[in-house]
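In short: position in the sequence shown from 1, add 601, done, that's the working numbering.
Bear in mind the hints are in silico, worked out from the structure with no lab data behind them. Hints should not be assumed to be uniformly reliable.
Dumping the calculated DMTMM-like pairs for lysine to aspartate or glutamate here, alpha-carbon to alpha-carbon at most 20 Å [to be verified]:
# : residue 1 : residue 2
1 : 620       : 603
2 : 622       : 638
3 : 620       : 608
4 : 620       : 638
5 : 614       : 603
6 : 622       : 611
7 : 622       : 649
8 : 653       : 638
9 : 622       : 603
Using C-beta positions, here's what the derived DEER-type ranges look like [to be verified]:
#  : residue 1 : residue 2 : range
10 : 624       : 645       : 27 to 35 Å
11 : 607       : 642       : 34 to 42 Å
12 : 650       : 618       : 19 to 27 Å
13 : 658       : 626       : 29 to 37 Å
14 : 631       : 610       : 34 to 42 Å
15 : 634       : 660       : 33 to 41 Å
Think of the CB as a built atom: it goes at the ideal place given N, C-alpha and C, for glycine as much as any other residue.
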Amino acid sequence: MELLAHERQEIEKKVWRPKMKEHIIELVAAYPVDIAEFAITSGLEEYEQMAKQTLEVSEN
Numbered sequence: 602m603e604l605l606a607h608e609r610q611e612i613e614k615k616v617w618r619p620k621m622k623e624h625i626i627e628l629v630a631a632y633p634v635d636i637a638e639f640a641i642t643s644g645l646e647e648y649e650q651m652a653k654q655t656l657e658v659s660e661n
């Protein structure tokens, strides 16, 4: 993440906002929950399987 921020600054001459790293970490951490919520709402088996996989939930 630090390397990405550095490279962006070098290439685009833009600096990430101070809390951008924390924001990205939180988004990545919440991704499995988003999939699970969609699986419940949609009722689609494919998304239920994807949610179980991303949440590391076993079938047992």
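Provide an ascending list of the numbers of those earlier hints which the structure does not satisfy.
2, 4, 7, 12, 13, 14 and 15
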